[in-house]
Amino acid sequence: MNRRPWSWSGLALAMVIALAVLPPFSVLLYAFSARWDRSLLPEGATWAWMAELVRTPRVQAAVVQTLALSFATALLTLLVGATATIVARLTSPRVTALLDALSLLPYAIPPVVIAIGALELFVGRWGGWLDLRAVYVVVAAPLLFPLQHKTLGAAMRQLDVAPLMEAAHTLGASDGYLLRRVLLPLLAPALVASLLLCWVTAAMEFAIANLLLGGSIEMLQPLLNGMRSVNGHLSAALVVLSFAVIAAMGMLVEGLTAWNTRRNS
Amino acid sequence: MNLSKRAAWIAAVPLLLVVAVAVLLPFAWRSTGVVADCARGGECALRDLVSDGYYFKAILNTLWISALSTLAALAIGGAAAVALAEHPRWRRASNVLANLGANFAGVPLALAQTLRFGAQGVLRAYLCFQVPLATLMLALPVQMLEGGLMDAAATLGASPALFWRRVGLPLLLPSLLEVGSLLFANAAAAYATPFALSGTSANVLAVRIAALVSGDIFSNPGLSSLLALLMFVLLVIVIAGANLLARRLRGRDA
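In order, the protein sequences belong to chains R and B. Counting with our numbering, you get residues 1 to 265 for the letters of the first sequence. Counting with our numbering, you get residues 1 to 254 for the letters of the second sequence.
If you're looking for bench data, these hints aren't it; they were derived computationally from the structure. Treat each hint with caution, since some may be false.
[Stated by the list, open to error] Which residues of chain B face chain R? A partial, calculated answer using Cβ under 7 Å:
no.: 1; residue: Ala8
no.: 2; residue: Val18
no.: 3; residue: Leu111
no.: 4; residue: Ala185
no.: 5; residue: Leu245
Every residue gets a Cβ at the ideal spot worked out from N, C-alpha and C, and that includes glycine.
Put together the whole structure using the sequences plus the hints.
Structure (structure tokens):
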């Protein structure tokens, strides 16, 4: 079949790439330019914003807070979520269906609604005897579950566990032994990849961080928003820095997944 | 130890507890509060909602921008997925870029938007994350469809247009419905993007729900709960409806 030099689908792909790349690219330019208000193009390439950024104590504090709290959230999601996903996929299609439905819940009850509900109940009513950080971790975890459920579910489908279980039973191994000695080691890269993805996603979350913690604990995204009106260049530099970290983590996840696929095939 | 079906339920208990405590309990507490108030017939958020066209406008705005950005994303993202299925070489790089775009939402996107256009064009901002997301989500269904079917149609003399009208789109429809419902929910739930673009004056449901509680001027938690409940009902109808319809369409083909 001979193809035309251009097609509607190629045009659409170019549009997707433009929509995806132009916003990050303009932020990147802004972060490394001295000013961008006199003409159509930015002027004066500079590392000054980046340097100022890493020296600012407020930014350092927010980055540390965010990394710690989002890691705790991702860890909690993985502990309770992965246990549920793995055992359900091994034994019960009904529980798997329930978990699939559960992973749609954050779409029906959006983060804003979750954040406001938690603000009124856990801070307004029971705030006296609840630790705000713990509240944040427990409230944000269900938002990450869909991501964890999807990545781990895909890894398990690829692994094709049914024949493994059958072989283990034929050889007289218990399910516990199979899980400990075969499945968990095989799934380890997928578990790490899922943890990293959840970590990154939690760190970039805005609604809960702003509404629930706003005013008491400063997180990365609300800080970004506040900095925007004070110094846009600095805010842009922080965006660039966080997406550089995300890209590095993404490559790690990609590498882990590719390595896992090769190892298991 | 051997895993039984009961083990699956036991293993799910911690997760169910977390979801119940963190999501369902506050939501149910607020919803029953406002519903009970209205059932008693006294001072009730429903009156505030009806008396003020502002909140109806917020509901309409949310529906309009979610539907429009979803339809545009399905059209552009679907066509891009076709291009990716035809040219596997581009797949890897495009995936990386689309992933970047789908995640470049909220405050960073608002920053980029104000740099390029000033603080306007909410729809344009939504397209920046909806379209790449649609491409990512449609890539797999389109790829599975492409395998051989299009070549077979071409061998039999069908033009691409005929193929898409008679074979491709009908087969793809269930996936389009499912992906569309998630894109709709994603747009309706977007809070960071409109909030960062225009602050609490952004008149969409997600921003109103938050501003009615955390805003200092117009505090009205009852109305916020009512709007959250309305949004929940709306999104459940969209998601469940699209999934049921998709399942029925698939069942008919099988």
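Right, here's what the structure says about each hint:
Because the smallest distance between the Cβ of alanine 8 of chain B and any Cβ of chain R comes to about 4 Å, under 7 Å, the interface hint for this residue holds. About 6 Å separates the beta-carbon of valine 18 of chain B from the nearest beta-carbon of chain R, less than 7 Å, and the hint is met. Given the 7 Å rule on beta carbons, the hint for leucine 111 of chain B holds: about 6 Å separates it from the nearest Cβ of chain R. Checking alanine 185 of chain B against chain R: minimum C-beta separation of about 4 Å stays under 7 Å; hint holds.
Look at leucine 245 of chain B: its Cβ only gets to about 15 Å from chain R, farther than 7 Å, so that hint breaks.
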